[in-house]
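**Q** For the protein sequence lines, the chains are A and B, in the order given. The first sequence begins at 1 in the working numbering and counts up by one. The second sequence begins at 1 in the working numbering and counts up by one.
Rather than coming from a laboratory, the hints here were simulated on the basis of the structure. Among the clues, some could well be false.
If chains are identical, the list can't say which one is meant, so a pair holds when it fits in one copy or spans any two.
[To be verified] Taking lysine-lysine and the DSSO-like style, the derived pairs with C-alpha atoms no more than 30 Å apart in a straight line are: (1) Lys-302 x Lys-206; (2) Lys-206 x Lys-174; (3) Lys-206 x Lys-354; (4) Lys-265 x Lys-302; (5) Lys-265 x Lys-354; (6) Lys-174 x Lys-302; (7) Lys-265 x Lys-174; (8) Lys-174 x Lys-354; (9) Lys-206 x Lys-265.
This structure is a prediction, so every number in the text was calculated from the model and none was measured.
The lines below spell out each chain.
2 protein chains.
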Amino acid sequence: MHISEIDTPAILIDLDAMERNLERVAAYSRAHGLRLRPHTKTHKIPALGRRQIESGAVGLTVAKVSEAAVMLESEPEDLLIAYPIVGARKLERLADLARRTRVTVSLDSVEAARGVAEAASRAGVRVGVLAEFDAGLRRVGVEAGEPLRQLVEAIEGEPPLDFEGIAFYPGHIKMLDDNGDEELARLSSQLDSVVCDLQRAGFNPKIVSGGSTPTLWRSHEVARLNEIRPGTYIFNDRNTAACGACELEDCAASVLATVVSTSVKGQMIIDGGSKTFSSDRLVTGTEGFGLVVDVPGAVFTKMNEEHGFVELREGASFRVGDRVRVIPNHICAAMNLHEQVYGIRADRVEEVWKVEGRGKLQ
Amino acid sequence: MHISEIDTPAILIDLDAMERNLERVAAYSRAHGLRLRPHTKTHKIPALGRRQIESGAVGLTVAKVSEAAVMLESEPEDLLIAYPIVGARKLERLADLARRTRVTVSLDSVEAARGVAEAASRAGVRVGVLAEFDAGLRRVGVEAGEPLRQLVEAIEGEPPLDFEGIAFYPGHIKMLDDNGDEELARLSSQLDSVVCDLQRAGFNPKIVSGGSTPTLWRSHEVARLNEIRPGTYIFNDRNTAACGACELEDCAASVLATVVSTSVKGQMIIDGGSKTFSSDRLVTGTEGFGLVVDVPGAVFTKMNEEHGFVELREGASFRVGDRVRVIPNHICAAMNLHEQVYGIRADRVEEVWKVEGRGKLQ
Chain A
1 MHISEIDTPA
11 ILIDLDAMER
21 NLERVAAYSR
31 AHGLRLRPHT
41 KTHKIPALGR
51 RQIESGAVGL
61 TVAKVSEAAV
71 MLESEPEDLL
81 IAYPIVGARK
91 LERLADLARR
101 TRVTVSLDSV
111 EAARGVAEAA
121 SRAGVRVGVL
131 AEFDAGLRRV
141 GVEAGEPLRQ
151 LVEAIEGEPP
161 LDFEGIAFYP
171 GHIKMLDDNG
181 DEELARLSSQ
191 LDSVVCDLQR
201 AGFNPKIVSG
211 GSTPTLWRSH
221 EVARLNEIRP
231 GTYIFNDRNT
241 AACGACELED
251 CAASVLATVV
261 STSVKGQMII
271 DGGSKTFSSD
281 RLVTGTEGFG
291 LVVDVPGAVF
301 TKMNEEHGFV
311 ELREGASFRV
321 GDRVRVIPNH
331 ICAAMNLHEQ
341 VYGIRADRVE
351 EVWKVEGRGK
361 LQ
Chain B
1 MHISEIDTPA
11 ILIDLDAMER
21 NLERVAAYSR
31 AHGLRLRPHT
41 KTHKIPALGR
51 RQIESGAVGL
61 TVAKVSEAAV
71 MLESEPEDLL
81 IAYPIVGARK
91 LERLADLARR
101 TRVTVSLDSV
111 EAARGVAEAA
121 SRAGVRVGVL
131 AEFDAGLRRV
141 GVEAGEPLRQ
151 LVEAIEGEPP
161 LDFEGIAFYP
171 GHIKMLDDNG
181 DEELARLSSQ
191 LDSVVCDLQR
201 AGFNPKIVSG
211 GSTPTLWRSH
221 EVARLNEIRP
231 GTYIFNDRNT
241 AACGACELED
251 CAASVLATVV
261 STSVKGQMII
271 DGGSKTFSSD
281 RLVTGTEGFG
291 LVVDVPGAVF
301 TKMNEEHGFV
311 ELREGASFRV
321 GDRVRVIPNH
331 ICAAMNLHEQ
341 VYGIRADRVE
351 EVWKVEGRGK
361 LQ
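Pulled out of the complex, with its shape left as it was, chain A reads as follows:
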């Protein structure tokens, strides 16, 4: 199949770029002795989870129990659900899952730990637990110090739970910010004291799990960190490039779109808007909902659900039916909107993958 036969809008995955991305992060993790437990929210495709495992990942990460059920198909030795599992139905499904593979969850409350422990106990399974602490994002995670010690103590006090270590998500650190290096150094010294503190209290946090794609390449500078959970790196996106964590040529995913209207002068409308790309802005605040590839001066200024508004530089000329490729701001959010995506090499479609994990909310 040639890409000209693909109906638009559609996500194309450049397989050469994707394979380079997978290999590069696997090599970095190996070189620095870091466990690689990639977050599969970016692709949501079991075949790609499998590729991550084959290139050296020790397990896979998901956000929801329903996503974990999908990613079982990748046959991971270990599945980390990096989200507090709360509520009877989810806990039942979690326990079912733990019968089928090794499952770890991260959580930040005694209530959540108790819920998981009760469900595991009823099902006669064990569940690994990472205690989540807040490294500065102020999202989930208890404060370091006494609150974290209490949380770990509660986990250790639940017989069906295996305390495995600590987790955090450094989403607040932007390496290109003026204070990026300072923030990274602060994280490093915080982690060191958190681990020492827990050890002094008699606990053994074997795993220290963090990392996001934007801070990925600096992971080896962070004391005590021994596991990373990047997601976006498999494809990268305009945000990753804007954060300085990849070059634009490392963006493996793009949206193929068709020009459907040129009625307004200096503008073209493409057949993808927020229902195709998501309405996520660029984290740096820079203009545009995506980068129109190979159209110098084009700015993706606005979107409705089905319409992408692209402003064109004077003299640029497109006709109804022309096709363009757009690198999305946030590929994880875009993948969640597509039933299937196309793996391509040059102009040939090599793979058609169903996005089996999309829309798994519970």
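Starting from the structure of chain A, add chain B where the hints point.
**A** This is chain B only, laid out in the frame that chain A set:
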């Protein structure tokens, strides 16, 4: 089933409110002799398309051929695809569809008209066409005057196409803006001259199709307008209320969410973020990604994919496992993210609907 048994996050549809919304718009349309051709992008559920037809809609509107195929199940006498159909595969599917029911498309270019005509001709079917003109949104639609006359002439020149009239989308008119009334009056006089102009040129635009939910209740003031295509009115959302087109109590859809973390003081994290609500902002620019029902002073300040950040007024107290309901900013975008939704009356679940049209991009 009781709503306490629903796993979160989940969209709840208050059936009483929805039925009131359906009836109110049907009554308004009847009272003013307006054809009601609701846009089904808001619900994407054939059973609800059926209810719209039963309450007086003359047909249904969709944005994509793939959505049309789903909404056939509502058994509409007429399906309007309010989007230029461009590209061989879509045109083939359009022709297939036209074998099964009466199909109309709106379009704004000679290229698009020619494509539809060729596909219809090959399949031996007829397709109705509305010529789209730009009433000021600067999205799709040719300019009134010579460009519109040329477009209509091109449509009339294609034997398998039935020219039915004109269409526009007045998304730029905000009734609460200072110049809202003025914009509406301008639209009215523009429509009058557009119709006269076409009639003078020998064309007969039987249908003059416009309308959006925000301008819905003023449709009878617009000269020549004889068809409206509101979508959001079936559920309404925070945007509709912010535009003054409904009261908050008319918002039939809300997201049921669970508090999963209270680790950060003055804040709770709910289990729905951009993957549950979409990251659509409020059109008025007012703060917040949704309205937390019955929690005075709560502000839904920020979201990641799976995390909703809700700032709480001092003294408000939530625990992990508590549930809240949130009225989304943009219900159409939220519906597209859910596999199924729950129709409720008081605390009972009466209906579980699969969102069959979600993610239909092509």
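**Q** For each hint, tell me whether it holds in the structure or not.
**A** Now for the hints, and whether the structure bears them out:
1. Lys-302 x Lys-206: Neither. Shortest intra-copy (47 Å) and inter-copy (33 Å) distances fail the 30 Å Cα cut-off.
2. Lys-206 x Lys-174: within (27 Å within a copy, 58 Å between copies)
3. Lys-206 x Lys-354: neither (36 Å within a copy, 44 Å between copies)
4. Lys-265 x Lys-302: within (16 Å within a copy, 36 Å between copies)
5. Lys-265 x Lys-354: Answer is neither: 38 Å inside a copy and 41 Å across each miss the 30 Å cutoff.
6. Lys-174 x Lys-302: both (26 Å within a copy, 18 Å between copies)
7. Lys-265 x Lys-174: between (38 Å within a copy, 24 Å between copies)
8. Lys-174 x Lys-354: This pair counts as neither: shortest intra-copy Cα distance 33 Å, inter-copy 40 Å.
9. Lys-206 x Lys-265: Between copies only: 29 Å across, 61 Å inside.
This entry does not satisfy hints 1, 3, 5 and 8, going by the numbered hints stated previously.
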